[in-house]
Amino acid sequence: MLRYILKRLLWLIPVMVGVITIVFAITVLTPGDPAASLLDRNATQEQIDEVHHRLGLDKPVLERWFNYVVGVFTRFDFGTSYTTMQPVRDEVLAKLPYTLILAVVSVSLAVLIGIPLGVWSALKQYTITDGSVLFLSVLFVSMPNFWLSMLLISLLSVSLGLLPSFFVNGDWTGWIMPIVVATIGSMAQFIRITRSSMLEVMRQDYIRTARAKGQKEDVIVMHHMMRNAMIPVATSIGSGLGNALGGNMTVEIVFSLPGIGSYIVNAISTRNYPGMLGGILVTAIMFTVVNLLVDIAYVIIDPRLKSQITGKKASKRKLNQMLREQGVTV
Amino acid sequence: MKKLLSLILSLCMLLTCVSALAEPSADAVLRVAVDGEPASLFAAYQQSKVDNRVNSSLWNYLVEWDDEAKVSKPSIATEWEWIDDLHIRFTIRDDVYFTNGEKLVAEDVAKSLDYSCDNHQRYTAMFDRENFVVEDDTHVVLALNRPYGNLLDILGCDYYTIFDWSAFEADGMDTAKWMRDPIGSGPYKLVEWVSGDHITLERNENYWDKDNMPYFKQIIYYFIADQAARTNALEAGTVDVAYTIAVNQIEELKTAGLTVNPYNQNVTQPLTFNMSLLEDGSVRNPALQDENVRKAIFYAIDKAALAEAYHMGYGLDGQSSLTGPNSAYYFACETFSQDLSVAQAAMDEAIAENGWTPEDLTFTMYGVAGSDLSQYELLQYYLSQIGITINIEAVDLAVMLFEHLFVGDSSIGIGENDTWDVTRMLELVDSRVPTSFEAYRGPYEDELHTLIDAAWAADDATRYDAYAAVQQFCADHYVTTVLDNCLFVDAWNSAYTGMLYDAHCWPNVWAMHPAE
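Line order of the protein sequences matches chains A and B.
Under my numbering, the first residue of the first sequence is numbered -2, with each subsequent residue one higher.
Under my numbering, the first residue of the second sequence is numbered 41, with each subsequent residue one higher.
None of these hints come from the bench; they were simulated from the model.
Here the structure is a predicted model, which means the values were calculated and not measured.
Any given hint could turn out to be false.
As the list claims (entries may be wrong) - Derived lysine to aspartate or glutamate pairs resembling DMTMM-like cross-links, with alpha carbons at most 20 Å apart:
{"no.": "1", "chain 1": "B", "residue 1": "Lys335", "chain 2": "B", "residue 2": "Glu291"}
{"no.": "2", "chain 1": "B", "residue 1": "Lys335", "chain 2": "B", "residue 2": "Glu374"}
{"no.": "3", "chain 1": "B", "residue 1": "Lys113", "chain 2": "B", "residue 2": "Asp249"}
{"no.": "4", "chain 1": "B", "residue 1": "Lys217", "chain 2": "A", "residue 2": "Asp74"}
{"no.": "5", "chain 1": "B", "residue 1": "Lys335", "chain 2": "B", "residue 2": "Glu399"}
{"no.": "6", "chain 1": "B", "residue 1": "Lys217", "chain 2": "A", "residue 2": "Asp87"}
Turn these sequences into a full structure, and let the hints steer you where they fit.
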């Protein structure tokens, strides 16, 4: 297992190089020049050349790419922001906690609420309860984040004055609305996936067998149904967390939450290439780590996968033991 | 009975609280929603309007713009005199101190402006930096390369701030450090910058202008990039001032009892034509060099309707070739009211003379993706009535800038001509400026160059006429015309007043105080 984790962690290196290369290529191929964003409209060629020199844009693309990759892997250096002239690493790391908190809390809440609701809905299939849960999940999943945000702000901030309309550091109430908005979308997904997965498992032979041998219903649900139904749900949680880590840009912008999403958007609009690369790279790293955690979770949930990973060794051990028992020297 | 008494007491306490809120104390905090996070608080290295929102409270200039009188008045400089057309002597106050306790002297003025010249070469090209003379601690002579009509206006805003040069030198001229940790002499000083969240400024108790001490103990600038979110924050009472509100929210905010100020900046939106030359020396859009085609375009457009639609009733349609009413050298000339018969006649004449085909009369306009392109769509409609096809390309802002700066692919453009500085106005139409794709190229080019040169060289007394002559030429030969003026909307809690506007029409909040 440890070997498997190490192997997956090593995969991070080519993934990061790949991400850097792709984003680098995009920045090079996209029309537009960072100097144009930084300079006044009628800048002279001399001024543009000076800015290119200052930003290192006058060097060949391959040299810039190589220097960047070396900087990332040896010094964890993502370069200097074109707009603020501060190290991108510091800027991204300052924003990381906000994105992490928003993603982890909202996905955790979505899991805690969504999975039980999905299970409940499946167990009560074709009842009013099931219909209501399904209706709400369809409603929430179809509601765009920005629209829900505006609705909540209108109601809770402007009309009732209960919560601040934007995030302010040090005021925990500023977290409530962003978390609620981010939770609702993910929660609706989890409800739907859990429900359909549970319904599929409920029809399996082993469930019928468990019932036939007189197993208690709660044991059947908790032990036989849920464990098997959780495999697609785990995938969904993983991708949900991954999306939340990189895709809560709308929520961050509407609530002025200083996370990585809004940082990337701002970096793109100002052609701040190092900022853009740094933000995307950190998001990619988080996404890869989350995927690794999901894969580990699979192994825990599904013993068949464990045997696949440790299968060769286990078979060899078993064979050796059998041979020893038969008196054969190994 | 006890319950009734407690209820009455509670109500009284509540009412006292409410009335206290209506009259903020001198130690109150002003909360401001700005449209993004500043990149630099070092005004000499200012990069955008967002930077200026905060910078304007931290720094001082030689002069200050009096928005009511529309003239510059003394600030750090108590008086000034023109020695000749190229030299101006400023007398500096001797009681101005930076927030680090150091005294502001004439050398700071000369060095600060010299440093700004390094970072904003285009807009400081009129300075003859080598010949700045520091006469003593309170006198400095600034030298110019050429007479410059609105020098005083521009010295009262943007990056022409005065900073503590010796402290900057002691810091190894570390621009990046000063962008985050500036030392100014303004009414406020920086106490906290929480990245991505807010900036807190505190009143500079040693501010030199004792008659105009700021009212608020602190100003907190919250970074709220989203326009609707700023409006919501203001409506919810979470902030007291919100910069740059959407035009369609004006009525809603007024109904909510807030003060809304839609104002036309001195940034105009001129209709421009790309007559630049290709590498082989031919004109990029030959049909646009035909004066009759340009005349047809001018008369086909209903500028009033366009401004009305785009700015939802708050717009001001163009009344000039280049400038708006807020410019120091505003000159009202032919407005070209829509007249489709005149337009069609001009187009017929152009086609008869030069045989323009529909392909020749197909042009491209670049707009910023995600922004309101209704102006472009209206133009597309107006020009279709005289047989001109407009293809609208919605592109990223940086691509749009790129198209203007380096490529010049846009055939017809709606410019943003920031006419607070004479440089932009004159260079827009000057074909000798390599990056000016909108410049006029045609049979009267030399005549225009003569007028521009005369405008550059104009002294203070004749400058208005000189600039007016350039604008009249543009009207006479259909070079360019202002479609409308850029509209900006700020809004604030009606309990406060005192928003200031500088010569650039950029607002700042530092002088706000409770309304009487």
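Hints versus structure:
1. Lys335/B to Glu291/B: violated, 37 Å
2. Lys335/B to Glu374/B: holds, 12 Å
3. Lys113/B to Asp249/B: holds, 14 Å
4. Lys217/B to Asp74/A: Distance of about 19 Å is within 20 Å: holds.
5. Lys335/B to Glu399/B: holds, 19 Å
6. Lys217/B to Asp87/A: holds, 14 Å
Going down the numbered hints, you'll see the structure goes against just number 1.
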